[in-house]
Structures are given as structure tokens and as C-alpha cells.
Amino acid sequence: MVGTPVLFIAIPLLAAFLIPLLGMIWKELVRIVPGLVLTYLLILAVNLLVHVLAHGPVVEVIAGWVPPIGINLVFSVFSGFLVTLMIFLGLLVWAYSYRFKRNVDYEPALKYFLMLMMLITGSVGIVLTGDIFNMFVFIEITSISGYGLTAFYKGRDSAEASFKYVLLGSVASTFLLLAIMIIYSQLGTLNMADIANKIHLMNPTLKIVSYIFFVTALGIEAEIFPLNGWAPDAYAEAPGPVGAAFAGIVVKASVYAIIRYTFTIFDLSGAFNFLIIIGMITLIVAETAAIRQEKLKRMLAYSSIGQMGLVLVAFGFGTEEGVFAALFLMLNHAIIKSLLFFSGSYLVYNSKCKYIKEVNGMSKFLPVTSLLFALGAFAIVGLPPFAGFWSKLSVMTAAADSNMILIMVLVLMVSVVELVYYLRVVNRIYFFKKETAIEPKKPTFNALVVMIVLGVIILAIGFYPDVVTGVLHKASASLMDKSQYIHHVLSLRQ
Amino acid sequence: MEKVLLDILGAIVTFLVAFVVGMTYGGLNRKITARVQNRKGPPWYQNFIDAYKLSSKKSAIHHGVMHHLGPAFLMVTSVMTLLIVPVLSHNNWFPNLNFQGDLIFLLYIMTFGPLGMALGAGQTGNPNSAIGVTRGLSMMVGFEIPWVLALVALMIQYHTTSITGLMAVQAHSGTWLMFSSPFAFIAAVMALFGMFRYSPFDIVGAPTELASGPIAETGGKYLFVMMSSGSVFTFAKLTLYVDLFLGGADNLFILIIKTFALYLIPLLYSLVSPRYRTEQAIRWFWGWPSFFGLLAILQAIIF
Amino acid sequence: MEMIHIIFLIFLGGAVLTYFSGKISKVLQDIFFLASVLVPAYLFFAYVGAGREATLSLGGITLIWGVNHFSWLFSLIVLGLGSMAAIYAIGYMKGKKRKGYFYFNFILSIMAMMGILLSIDLISFFIFWEIMTWSSYLVTIYNGHDIQRIGIKYFVFSAIGAYAMLMAIVIVHHLTGSFLMSSMINFYPNMSLSMQIWIPVMFLLAFGVKAAMMPLHVWAPDAYSNAPMAYTSIFSGALSKMGIYGMVIVLVTMINQIPQGFWFREVIAWLGGITAAIGTLWAIKQDDAKKLLAYSSVAQLGYIITGIAIGTELGMLAGLFLAVMHALFKGTLFMVTGAIEKQTGTTNFNEVTGLIRKMPWTFIAALLSIIALAGIPPLGGFVGKWMLYESLITSNHYLLVIVIFFSSTAAFLYCYKFLFGFFLGQEEKEWAHVKEAPAVMVVPMLIMAVMMFVLGTFPGIILKPINSGLMDLGFVDSFKHLWESSVILNVWGNHVVLQPILYWIIGIFVFFMIFLTWKGFKTTRYVSTKDISSSGEVPADDENLTFSVGFMQPFMRAVAPAMRRQIDKYYNGIADGLESLFEFIRRIYTGNGQTYTIYVIVFVVIVLLFKNILF
Amino acid sequence: MDNTLFGYLNYAVYGTAVLVILIGLYGTMVKKSLLKVVIGLSVSDSGLNLLIVAIGYYKGGTAPIFSPGFLENFKSVSKMVDPVPQALVLTAIVIGFGVTAVALALVIRLYRHHGTLNIDEIKNLKW
Amino acid sequence: MVNDKNSQKIVDFIQNWARKHSIWVLAYGTGCGAIEIPPTMTSRYDAERLGVRGAATPRQADVLLITGYLTVKTLKRVIRVYEQMQDPKYVIGFGSCTINGGMYYDSYNTIKVLDKYLPVDVYINGCMPRPEAVLSGFARLQKRIAEGRANGAQQYKDNLEWYRANQKKIIPNWIMPEYNW
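Chains as they are written, first to last, in the working numbering: chain A, 1 to 494; chain B, 1001 to 1303; chain C, 2001 to 2615; chain D, 3001 to 3127; chain E, 4001 to 4181.
Everything labelled a hint here was simulated from the structure, so no lab data went into it.
C-beta: ideal position from N, C-alpha, C; glycine also.
Treat each hint with caution, since some may be false.
To be verified - FRET-style restraints, in silico, Cβ to Cβ:
| hint | chain 1 | residue 1 | chain 2 | residue 2 | range |
| --- | --- | --- | --- | --- | --- |
| 1 | A | A437 | C | S2194 | 54 to 60 Å |
| 2 | A | K482 | C | G2060 | 23 to 29 Å |
| 3 | A | A437 | C | H2145 | 34 to 40 Å |
To be verified - When the alpha-carbon atoms are kept at most 27 Å apart in a straight line, the in silico DSSO-like pairs for lysine-lysine are as follows:
| hint | chain 1 | residue 1 | chain 2 | residue 2 |
| --- | --- | --- | --- | --- |
| 4 | A | K434 | C | K2097 |
| 5 | C | K2023 | A | K441 |
| 6 | E | K4169 | C | K2530 |
| 7 | A | K154 | A | K442 |
| 8 | E | K4116 | B | K1058 |
| 9 | C | K2097 | A | K441 |
| 10 | C | K2358 | A | K433 |
| 11 | C | K2358 | C | K2094 |
Hey, can you work out the whole structure from these sequences and the hints?
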């Protein structure tokens, strides 16, 4: 059974709008349906990915208009891989937050899962679409559901975080639209492949300006410094699984967009170095800011930002190895950071302020969660034999092959910083005396299963990275092959 | 087998000679000190009487096995040092276990006894003993520096680490090393002050300050063994110096003259010196003596 | 499936099994633990000889493992000491918490060390290096005492080293297209000069951290003293030798190939010498046995580094022999400390005294190891020291001899302090209840003590493998010209001079023993340590007369100027400065949404302004 | 473009649009009241929409509406203004509306929580 | 050989001769008489020519020199020191105070007759005895040693109970270890 790409957008969107109706039939359906939908989508995605691996990209045209006029969806290995990853993570987030905190009640659960499905729809749409304005729409869908999810908790400062997100998100959409309009005014087309084909016709200055606007707009979503003011707050105030969803789904989609613009659409020679520079700055600032954090989730948020910076750096090498490394990083980051958010949420479950010191001595009460958090921490700082090591190794190899010695030095120095703050937290969990009066909360069964699954994946990738490297190599090849992308899209005939 | 027996016999003879000479030097030390202080002083054989009296004490106590073995450790070191140092140049009655590298071996075997002794002193539980030991070990670090500098200078200059090698050098060239390597000699002699622990370096066993320090709990035959080992060690050290710097000796008479002349240097220095504090002593050794040692090394490298 | 695979699998499976079996039964856990250390050790020595290889393909990289004589030598240290420490650990860990955690990391450390030794390609070398780092880190923080400082310090230094190594590895891969060590070594002469210098420097950074070389040693005292003693014995004895192992490989196979190598070796030799001196001085100052031994380890590693950095055959032999000896005696000493900690609950010299009659076997082990450590003949330490001096003098390192000799003499001070502090001195009432440690702890110590004695008397036993190891590294067979020119160790394993000297020593010793204990002569009697001549005063039972506070104070006063500057302080200054910088960076996120908006606009403006440069 | 007044006016549309955007951004960045910030966002959105429509328009174009017989006349097709920007603006307006709604909802919640609309005082989340 | 009576005699003779010529003194400066020790030992009178020499600790000493009056407080220490000395050991009572209390004959706080508490071998009378007297006392001790009559230690051992009784009378809080020679 090979599905079509449009299903990945249509089904979750449909599900999102059906959830309230189904909830009227049986309240539990609100919780069950998203899971079923996502499971189905995952099966679909894996199937399609296998198909694509064998037969090349699948391009689907919406509404019968052939590109470059109509909107098309591209399920290449690259985007397919990301879609699969996102849906998988979405599934995990769903499973984890099945009855997480406020989700126990019907009303919040309804909103939560609705917005989660919207979030996934938007993100998947960003990755799949072949039309820049369509991408804009999907980005807005993602953002708005993101605003909602950030403000999910009442009575905390979540509204503040959400408002900052709204503020920056609106600015982002302004810039995005501006960039889109500049391109449109120059080339008269919105189709990515078509733009890529014609990009050399563009006024060079306007080309650069539009690229900068794109990067600014998407950088806000992708948490590039200094555009990421919203991110730590949103991560810290959103429910834990939403943090994982942000790190694993939304940001991935935004980075995908940046990469798509840089690699496929624009032909700017300095863009790669630009990516390296902003990535590096993001990495350094975020990781160094993380070390001084007092709240657990903020720390994880900054770490997440830093990782994204590293991903951009890896993409910025512009080589296939670099792309491979970046994809590997994205995969690892998605899995590991989700695990950290998942387990971290339970470590500070009942605490009001989520201070790091409140995890002191939690290992006695939450042994499995603590172990998994430690595993995640060890993995994300790149200690072998866990998953993070292989991505770090590939980043380093790619950097060496691009003769970026300085970048290597900086990245490794920042890694040391990263190491320090993660180990500080792990030390606290295991070796400090519990001092606060906060009651630890045992993870629910579904959350535990989700975390263990993630842990097993980390170990599996760590001990046998071949399970993913094949796909990643193909994905990076498919991204690098720009002409094939254009050809696949533009050669479509009705 | 016969050779082994002969070796043992020779070793006993060497030991006896060293014992007698060392004890006599001790007695002469007291005599000279007395004369300098305008006293008559004890007879030169006073140390023999003291030693015999100590050995004939009817009882002796010890505070445990290390304390019991401490004197034996010390004695082993003295005898080993004596056996490794060539006493006379050509004489079968004074065998030695000489081999290449023995200077280094000597340096280390010489520390064996003090350590064993220090363990014994430690086990007595007398605080004074422990204080004395720490002072002694500290001062050892002090004087070993110029001493090793001097030795290394010799090793560099003559490309050998063996005492017999250095003796052969002197026999071959006809000049003593104290003339051809004067700085090394000066440094070594200054280190000798520390080895003898006479005033101003008598900080280890300072009688009124520490109640004789490490040997505070030692009496009777333990003290006897220590005393004899000290005498033997004195002789061994002086012989070593004679071998290294004064061209060795062909017969006992010359040996005794040379060793006594050497012995007079720390002795006379001690007569006019009050006592240093430990850190002063250490710094003294790391001052001029080490400077001369460095000069010796420079000389050895340049010439 | 090669035997090497099986060994690693046993280690890995054993670690996991040991960890989880603790939930079922403590005894079962102990058995699993012992089995997963001893069985691979047996398998290794029984079935894996030089020349065996095994491969594993991971992530497009082929990991290759194999044995040569050189790594076999270090395997001897790791597995030998590891087995002893494992047996000891059974006793040591009895009744302690986090047993499974400890065992797990213990086994993983041993596995990682074996992995390092067996690695032929750089990636598996790095992987095992990192596993070693984190497993040892996890044990270091086992006590939970001051871990945010000690543990993090250890890990940061290790990580800096390891990342430097990683950089070197990927650069080598870039240059040669292969992760094999041999291809790195073969390509090394063809590299550009800067690479020829930087790649060894980066490797040496990693190895220098583990081998506690001078400016990188600051983690070691804390980490060594903080880990449980059963682990510290392999931490200091075997794990630090991994640094030595790597250093030897880098020095011999790479640096020796270029003319600038001379300066490299000079610098490292001097760093080693300074390490020895500084480590010794600080060891003397310590009042805690763990700290003392930790600094002493630093100092001893300094000797070893100096020995191998000299680069002559004799120097290499000296360094490696000292490495083996250090594993033995420092392993034993840490075990002794552990036994005392177990029995008394403290390792502070100011608290524990006079255990000699309570823990005689422990004392014998400690005494023998101290004699070996101090380098006093006839125990093994002397042979190593002797060779070190010989090699230093013959290679014209005159001042270095003085430095080494100074630290080696000053070592007596802390050696004595260790023995006195624990075993000698007043037998206080407070410790009257102390019993000898259980046999499972004492026996490994005594076995190692006997080994020290044997190796001191028959150094050829271990010098022969060292020689073949060095031959594997490309040295010529040093057998002939070394051993015929020096008389001290004339014939392999059966040397002519030390043994007679030993007989002499024993003979004289026995003679005076008889003299002192001869019944017919006069009686000697034991009196308690309360019966001392303290100006006629009778010390009461609870009166503590032991002299231990400020034990080496006169010496410390003499060397005070040298100890005023601590390298630790500089590192702390750097760390504090960085933290303030990070704090400043953190404050970029002001919390005001408008500020963030302004950031966005500023970002756009700046990028637009610099667009000509950027694009 | 020609140099007539109308031609300049053509530019003036762009200028106005950019000005409106900048005014909106200014409001967003400087005004302390949350409501004014949201208004600023809205204003810049409007400016943006204006700009987009202006890009699609050219002088003398007709509305892009199909009528019977329209397609036969080729000239009338070429005289049509570009319909795509207008379609986009419709979408953008909808999105902008949504975002403004969310923002206002949040403002209400912030006001309930903090009791103020001064953005400088809503800084619980920082550093 | 050792059991042979004549040879035992010879050995005793030699040993006594050695003991006579090597007297290591532990001067317990309890009273004012201690001031006479320095002149005795230094240039003017030079006791060292007789083989007399100071000892630092009781373990090494042969002679315990009680220089002057003994207060009740110091008696305990003196007894302790005496008991720590190695056999053979001798006691010299120095000054009149050790004989009968001297000028402190009616003091509440000094002991009058030292012999009741420690076996005194030789008394040197005088208040203070001059160094010549001290030397004469040493000579007397030497003579007694040579004759084998300086057996105070044996006496102490034999009559330990009597001595103890006397000592305990003076020292109320008796917490000394048993004399176990």
C-alpha cells in the first residue's frame, strides 16, 4: 500500500476538526483518535519512504493544476525522512501526553489534541509542500497551534511566553510575506522548483534581500540567535511533551525550510557560510546561556537551540557529508531531546517553578525516569556508545573534510560547556539530597513506555548506527541533488 | 662455596674494622670537643665502654615489631653500604659487591635504614620520635640535592656511574677528583655536614629539644646496635668520600688518615655552630652547596 | 565470532547482568561481578595471543581490534590489576549502597581499557576512550561528595583531551581517508609541518590528561581520592596507564619520525619531571591518605612520562617497568587505604593511628608497597628508578636527574607519613576495636605485594614482555647491547647482582634479628605505646599523644615559596571568568518581548548592511 | 513607469505601504501597552497587505474576474492585474485576523494574571 | 660456659667495670640543686672524664639524679621515670633534702626521706653540694658498682610492696601502671 503525500496533510487536518465532533459521541475518543490517526500515518509514511527509497521521489499535484502554476507536494527521501520522523515523534508525544496533567479532563484534552494535530499538520505541510506561499500558510498553522499549546496551562506565566511567541511569530510572518512577495514580483511564480529554475534571472540585490528575509522569518521559528527570544520561554512554559514537539517537530520543519531555501531554491554562494556563522553564534550563545540556567526546562530549551545551531553549521558545510551529519544530528536531537523533555517533565512534575535544584535526589523516587534522563543527557553530549556520538563524529568528519578547523575547535569547546550543564543536572538527580517538599510523581504507564522506547532507540542507534545511516545517506544525497528535484517537479504532466 | 665463605669472612673483617674505626672516631670526636671546650674529656675509647655497657644492660623494651626491627634495618643498611663501598684498592680481605651503577644503588640502599629506623621510631608512639623522624627525613631531602648534584657532575665528567670506575679514573690520571672537580667536592663535603648530623644540623636528635628524637624510646642493646651501626656507617661514608674524591687508599693507614682528615671538617664546623631550625637547614643546603653542585655540573658539561 | 568479540560481549553482558542481578540477590551479584572480570581475563590470556584480529562494521566504519605484544603488556596490567581489584572489591563493597552501580562501571571501565588496548583503528580507540572516561567518572562521583566540583572537573579535563583527540582523528581521516592507526603513522611523515606538530599535540593532550601530566593534572588528586578505593586502585594503577600507552605510541611511532621530535620529547620529559616534583610536594602536604596517594600517583606518573619521553631504549624500559610497578604498588596502597577506611571509617591521618598490631597483614602489604614506591632495593621500584637514572644520565638530561631525584627523595616523606599516619604511633583506645580486614581484601593485597618482591628480584620476568612490546613498536631488540653493558641485570630474568645483594641483606638482617632476640643474651619485652617516656607523665587512656597534625611542617615551611602558586587557582580563575561571561550572555534574554523584536530588526539591519560581505 | 505624477504616485503606493509597515513595527517595538503592540502588529500586517496588492497591480489593469466571453478577448486577459497577490492577501488577512485574535486573547489573560498591560512589567520569564 | 661460676664472675667484673665508666645520667631537676649540674658537667669540673654523660630519656639512662627536694607533685613523675629506666639502674639522692628533708624538714608539701620511695644508692649531702661533692658522689657510685653493691634496683623489686605502700601514702590519686619488671 503506497499512500500519497497529500494524506499526511489531509488526514491530521481532518482529524483535528473531527475531534470535537467525535468527543460528543464518546469523550475518550478525543484521546484515542489522534493516536490511531498518527499510527496510520506512520505506517503510511514508512511505506511511502520505503517506496521512495526504491523508486525515487513522489510528486503530487493538488487540485489538478500542474506546477509551476498549481501547488505540489514532494515526498523525496529527504522530506520523507523528516515527515516520518515528525509523525513518529507526534505519535510518541500523543502517547506520552495521553493523560498528562490537565489532559485528564475532557475540555483541555480536546484543545490539546486538536492543537497537537494542527501542529503536526502544519509541520508536515512545511516539509512536503513545493510552494512557498503554501509553506507560509503551513508555517502560520504551525505557529498558531504553537501559540495555543504554549499557553495551554492556566495560572502560570504561559500566557506571557505565548505572547512573546505571538509577537515574534507575527514579525516572522511579516518578513516571510515580504520575502515571498519580492520573489513573486521578480519571477512571477511561487513554485519552489520553478523559482529554483529561474533564480538566476533575479536582481542580485533583491535576491539577497529576499533570502535574508526568509532566513529571518524562518530563523525565528528555527530558533536562530538573536531571533529566538521566544523559544526558552515557550519551552519552559509549555507542557513537557509540547516542548518535545517543538524541539522535534516545529523546529525541524523550520530548519527544513531554511535548508530548502538555501540548498534548492537560492543559488547564493555565501549562503552556506552565512549558515555556518549564524549557526555557530546560535550554538555558542545558547549553550553558554544554558549553563547558567536555573530552571530545568529553560536549560533544555537552550540546549535545544544550541543543537539547532549545530545542525545549521553542519548544513552550512554544504557537502553531502555535512548534510548527512546534520540529518543525523536532527534525528538524534529529535529523539534524545524528546526523551529529555519527557523524563525531565516528570522530574519536576509537581514543582511550581521547575528549578533545577528541585530534581535533587529524584533517582530514589523515580529510578527509571532518572535513568532515562541520564541516558538522554549522556547521549546528547555525544558520549559513546550512545546515539549522539555518531552524529557528533559525523559532524566532525564533515568539518574536517571541509577544512573547518576553527569550527571544529569552537564546536568541541561548546560541547564541553554542554557536558558541564548536563552532568550537573544528572549529578543532582543521583547524588544530591532531596531537600524540597515537592512530591515526586510516578510516571504513568504510557509515559514510561514512551520513554523506554526512546531509550531503546538511543541505545540501538548507539550500538548499531547502521539502522539509520543508510536512509540518512540517501536523504542527504536527495537534498544535494538539486537538478533532480527541479526535474521531478517540473516534468509533471497531467 | 669456598669463595662465599671467604666473602663472608672478609665481610666480617671489614665490619670489625669499620666498627673499631668508627667507634674510635666517635671517641675522638668527644675528646676533641672537650679539648676545644677546655676540658679534659673522656678517654678516646669511651665509646667502646658505652657500647659495651649498653649491650650488657639487663633489660630492654620495645613497642612493637617495627621498633624491635628498626635497629636491624639500620644495621643492614650500614653493612650493605660498607660492602658496596670499596674499602681498599687492592685487597682481598675487603671484598665488595661492586658493580656498575652502584652509586645510584648506594644512594637508595643508604635510605633503606633510615626508613626502617624511622618506622621503628614511629611505632614507639613517642611524639618526640616522630618529630625527630620528620626532621631527619626533611633534612635528608635537603642535603641529598647538593650530594646528588656532585655525584651527577662526576658521572657526567667521567662517564661512569661506578665507584671503582671513578677510582680508576683517579689512579689513571694521578690527580684526585677533589682537585679536578673542586666544585663537586665542595658540594659533596657540604652535604656531608648533613649526613653526619653534627651541629648545626643536629636537629634530628636534639637532646634537650626532642629528648634525643627518634631514639627516645630506645635503650639497652637496641641502642647498642644503633650506635655500632652509626659507627660503621660513619666509616662507610668517609670511605666512600675518600674513594670518590681523595683517590682511594692502598692500605688501612692511609685510609684512616684520609678519612680522619675528612671527618675533621664537619666535626670542626660543628664546634663553632649553634643549631639550625629544620627549614633553615634545608634552605642552607639548597643555597650555596647546591650552587656549587650546579657549578660542578657546568664544569662537567663544559670541560 | 572471534574470541575478542566474545570477551567484549561477556564484559558488556556481565556488566548489565551484574547490575540487574543485584535486585535478586547480593551474592549472585558478587558472583556475576567476579565472573565477568575473571572469565574474560582468563579467556584473554588463554586464547588471545599476539596477532589475533577481529572486526566489526558500524555506521560505515570498520572497527578493528587486535593484539600485539605492546598492548598485551598493558593488558597484563589491566586484567591483572583488574582481577585483583575485583576480588578486593567484593570485600570492600560489602554492605555499601549502589553496589550494582559500582560493579557496572567497574566492569565497563575494564572493558573500555581492554578496548583501548585492542583497538587498531582510531574510532574504536576513541569510543572506548570515552566509555572509559564516563565510566570512571561515574565511579568518581560514587560517594556523592563535592561531585559538582570534583566530578565535573575530571570530566571537563577528560573531555577537553578527548575532543582534542577526536579532532586529531578526524583530521587524520581527512588527510588519509582512513581511520586506521597504521595509515596515520605511515602518512605522518608526509604531512605538512603544522599538522606534524598539531596532531601529536592534540593526541598528547588527551593522553596527558589521563596520565595526569603537569598542567593537566589538577583533576587527578580529587578524582582519585573521591572514588571508592577498590576502584581507585585500578583508576590510578591501570586507567592512568592508558594515557601512558597512548603517549608511547604517539612518541615512538609518530614524533620520532620528524626532526622536531627532539623538542617534543624534551618538553614532555620536563613536564613529567615537574609533574613528579609538584606531585610529591603536594603529596607531602596532604593529611588524607587518599589525597596523599592521589598526589603520589601524579608524581609517579611523572616519572613514567619522563622515562618514556626520553625515548631511548633504556628510558622506555624504565618508564614501562615503572608503569607496571606503579600499577602494583599504587594499586596495593589504595587497597590498603580502602581496607583501613572499611575498618575504621576514616582515612585521615589525624584520626587513625597505631593500627599495626590490629591489621598486621595490611601493614605488611603497605610496607612492601611503600618500599617499592620509594624505590628502595630489593623491591621492584628500585629497578625502574635505576634504569630511569641511567637513561637520564646517558641521554644527557642532567638537570632532569636532579629534579627526579629530588622528588624521589622527597617521596620518602610522604611514604613515611602514610605508614606512620595509619599504622604507627600511639595505639589509641578509640581504635582498639579495629580488626584485620576480611581475607577477601587482604589476599589480593598480599598477592600483589609478593609480585612486587618477585619483580624486584627477577625483573626479567616483566622486562622480557616489555622488550618484545617495544620491538613491536619498532625498537631494535635492546636485549644485547643493553644487558651486556650493564651489570645489574645481566641475564634475562636471572640477573647476577641483585640476588646476591638480596641474600646479603637477608643474611645480615637475620643475624641481627637473632642478636636482638637472643634469649640467652638478655630479655626484651613489649610494652604498650602508652608506656613512653614523656617527662614522667602518665598519659591517660583517652589522651591522644600522637603527633600527626602538621606532620611535615618544617619541610613545608622550607618549600613554601614553591607551593604558593597553585595551578588549580589559575584554572579556577578561568572557570570563574567563563561563568561570569556566560552569566552575561544569559542576560541577553531580557524577558521583554519588545527587546526580542528589536533584536530581530537589528539582526535584519545588520545582515542587510553586511550583505555584500556575507554573500 | 513614467514620470507623470501618476507614475510617482505609483511609487507612492509602495512608499505608503512600507511606511505603514514601519509604523506598525515601530508601534510593536516601542509602545509599552500590550494593546498598542498588538495594534502595531495589525498595522504592519495591513501595510504588508497593501504592498502585496500594489505589487500585483499595474496601471490600467482590470479586475481579474472572468466573465462570459472574456477568454476570447486576448487583450483583456493581458490587461488584467495579477490575481495571485490578491488571493494571497486574502489568505494573509485571514491569518492576520487569526493571529490578532490569539494575541488579544493572550492580552486578556495577561491582564488578568498581571493586572497591568505594561509590557515592561510582564517579565517573569527571563534569563 | 655462661653457667660456669668463675666465668660468670669474670663477665660480671668486666660488665661492672664498663658500667662504672659509663654513667649516663638522667638529671631530674626537681629542686634548686639542679643548678649545680652545669658546672659539674662543663669545663671547670668536667664530669665527662669519668664517663659521666647526660642522657635524654629514661630509656637510655643509668642513673637517676634527684637534685634536691621532691615535692609531692613531682614524686609521681620521678617514680614513673625510675620505673621506665632499664636495668641496671641507680639512684643518687642529691642534697640534704633527699636525705631528711633539709630545710624543708617541716614542709607539708615535700617528702623527707627519699629512700622510703625509691632505692637510693648514693646520697650526696650538702645544701647545696658543691660540684666537688657531686663528683665525689659519682666516684662513690662507681666504687659501689665495681664492687657489685649498687643493687638498688634489685632491692626495689624485692620490696616493691613496701615501696608502693609508702608511695601510695603520699600520692592519693594513684593511676600509674603496675611496675612490671
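Which of the listed hints are broken here? Violated hints (numbers, rising): 3 and 10; every other hint is consistent with the structure.
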